[in-house]
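One-letter residues, chain by chain:
Protein chains: 2
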Amino acid sequence: MLSIVILGTGNLAKHLFDAFLKAEDVHVAQVVGRNKEALSQFSEQCSVSNDFGTIADADVYLIAVKDDAIAEVASHLLTKKGVVAHTSGAIGLEVIQTDNKGVFYPLQTFTKGKPVSFQSIPICVEAESKQSLELLRTLARSISENVHHIDSEQRKKLHLAAVFVNNFTNYLYGIGESICLDEGLTFDLLKPLILETAEKVQHLTPKEAQTGPARRNDSESMEAHLELLNDEQHITLYKLLSQAIKKRHEEEL
Amino acid sequence: MLSIVILGTGNLAKHLFDAFLKAEDVHVAQVVGRNKEALSQFSEQCSVSNDFGTIADADVYLIAVKDDAIAEVASHLLTKKGVVAHTSGAIGLEVIQTDNKGVFYPLQTFTKGKPVSFQSIPICVEAESKQSLELLRTLARSISENVHHIDSEQRKKLHLAAVFVNNFTNYLYGIGESICLDEGLTFDLLKPLILETAEKVQHLTPKEAQTGPARRNDSESMEAHLELLNDEQHITLYKLLSQAIKKRHEEEL
Chain A
1 MLSIVILGTG
11 NLAKHLFDAF
21 LKAEDVHVAQ
31 VVGRNKEALS
41 QFSEQCSVSN
51 DFGTIADADV
61 YLIAVKDDAI
71 AEVASHLLTK
81 KGVVAHTSGA
91 IGLEVIQTDN
101 KGVFYPLQTF
111 TKGKPVSFQS
121 IPICVEAESK
131 QSLELLRTLA
141 RSISENVHHI
151 DSEQRKKLHL
161 AAVFVNNFTN
171 YLYGIGESIC
181 LDEGLTFDLL
191 KPLILETAEK
201 VQHLTPKEAQ
211 TGPARRNDSE
221 SMEAHLELLN
231 DEQHITLYKL
241 LSQAIKKRHE
251 EEL
Chain B
1 MLSIVILGTG
11 NLAKHLFDAF
21 LKAEDVHVAQ
31 VVGRNKEALS
41 QFSEQCSVSN
51 DFGTIADADV
61 YLIAVKDDAI
71 AEVASHLLTK
81 KGVVAHTSGA
91 IGLEVIQTDN
101 KGVFYPLQTF
111 TKGKPVSFQS
121 IPICVEAESK
131 QSLELLRTLA
141 RSISENVHHI
151 DSEQRKKLHL
161 AAVFVNNFTN
171 YLYGIGESIC
181 LDEGLTFDLL
191 KPLILETAEK
201 VQHLTPKEAQ
211 TGPARRNDSE
221 SMEAHLELLN
231 DEQHITLYKL
241 LSQAIKKRHE
251 EEL
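First to last, the sequence lines map onto chains A and B.
Quick note: my numbering has the first sequence finishing at residue 253, numbered continuously throughout.
Quick note: my numbering has the second sequence finishing at residue 253, numbered continuously throughout.
Some hints could be false.
A pair holds if it fits inside one copy or across any two, identical chains being indistinguishable in the list.
Below, computed lysine-lysine pairings styled on DSS-like, alpha-carbon distance capped at 27 Å [unchecked claim]:
no., residue 1, residue 2
1, Lys239, Lys207
2, Lys114, Lys14
3, Lys130, Lys81
4, Lys207, Lys112
5, Lys80, Lys36
Simulated from the structure, these hints should not be mistaken for lab results.
Could you put together the complete structure from these sequences and hints?
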């Protein structure tokens, strides 16, 4: 049985908590956070504390707080014997000052109130010592079948890649929505397409899945599209992305 | 019972054919196309012809060919009494010269060999006469529960919106993939995130779903990301999209 303490009470902390509650061989010993109201979500099922001076002993301490608060939270764990791991994609291992440092990064976007199955979520683990790495790996495997050893440099790149496929993609959804709404059309019309676009690259590479006027170098359609756009920023993005797609596929045309 | 003829043998023609074969009250009378080899996919289940001079009589003629071939295919249907409809998002109704003209546009991306359920796919119908519109609506309802009357101007905008959420989004997936591969990481790591990003906007608006450094105006993280990027075009896109997200959300910060 592995015991863990979760530090933090936000979105990721809650999703991790829910996942570990269901995991066999893992005991959530405590949830620690400053926000008393947020702690109340956990208090029925687990011991909670809003005092970083009274952190329970555990095998692993998972720090699930904002990036710029990790170092401060970790500073309360200097005398602990368990592994102290943060859960951030963008922050290196070195931000943690204890010897038993590690990273436990679930690569997913978490929405408040929307349950998610951890089973297929990649969990990227890293640690300074081999023993800590094995412990984090075991912990990760208790909730996911998709566990990877990824070092800090790789993880930062992965986090950057995630910005493109998640943050930026979501912004493109927003452009699609605004084009619809301007025309009195519901965004619902685009939703099946959005899902299928994501489904497609589960089996094909993005290059194989690419379609559209830019892919075919169909200048007439692209010019017609540009004439329909009013927003300067949408025009700039349309040109830039079309050019990039054209360039990527020109050898095939 | 409605009878239809499908003109064209490509990807969309095949997906429509498969859907209508299963539909009650619809009879696919014939598939017509130039490409004999492509016709063979249909010939076991349906009458086929590669001669545009011998098109069977039907209630509806669905033209599922490349945009620039629609007018020519329609020209073979001038004496027909049924409704002649094309299936393109980008082309107006007027390209068809017959009186009984219409549009039957399924808003989805179709992949060769990957079956798709039409049930939830939006089908956008348009026609010059009310009677033809009703006929197309009935036909659309035989395969989908998501049928909309959309005029040519709206449809062109919808098609443009689809380019943003499908073609451009897919290109961003490709950037994510290339960042992973450069680092020796598998694109598989990003796949659950890609799916969940698409799932998220099925229930939230893109604005509600937006996360990331630009959303939080976290300059430090954005600068760190820019330092990790080598490709000039990725840098330009990163800056442009981050700026746009920042601008969209600045009133909330």
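Outcome of the hint check:
With identical chains, the CA atoms of lysine 239 and lysine 207 are at most 27 Å apart both within one copy (19 Å) and between copies (23 Å). Taking the closest pair of Cα atoms, lysine 114 and lysine 14 come within 27 Å of each other only inside a single copy of the chain (11 Å); across copies the shortest separation is 37 Å, beyond that limit. Taking the shortest Cα distances, lysine 130 and lysine 81 sit within 27 Å of each other inside one copy (15 Å), while across copies they are farther apart (77 Å). Taking the shortest Cα distances, lysine 207 and lysine 112 sit within 27 Å of each other only across copies (15 Å), while inside one copy they are farther apart (33 Å).
With identical chains, the CA atoms of lysine 80 and lysine 36 are at most 27 Å apart within one copy only, with a shortest distance of 24 Å there and 74 Å across copies.
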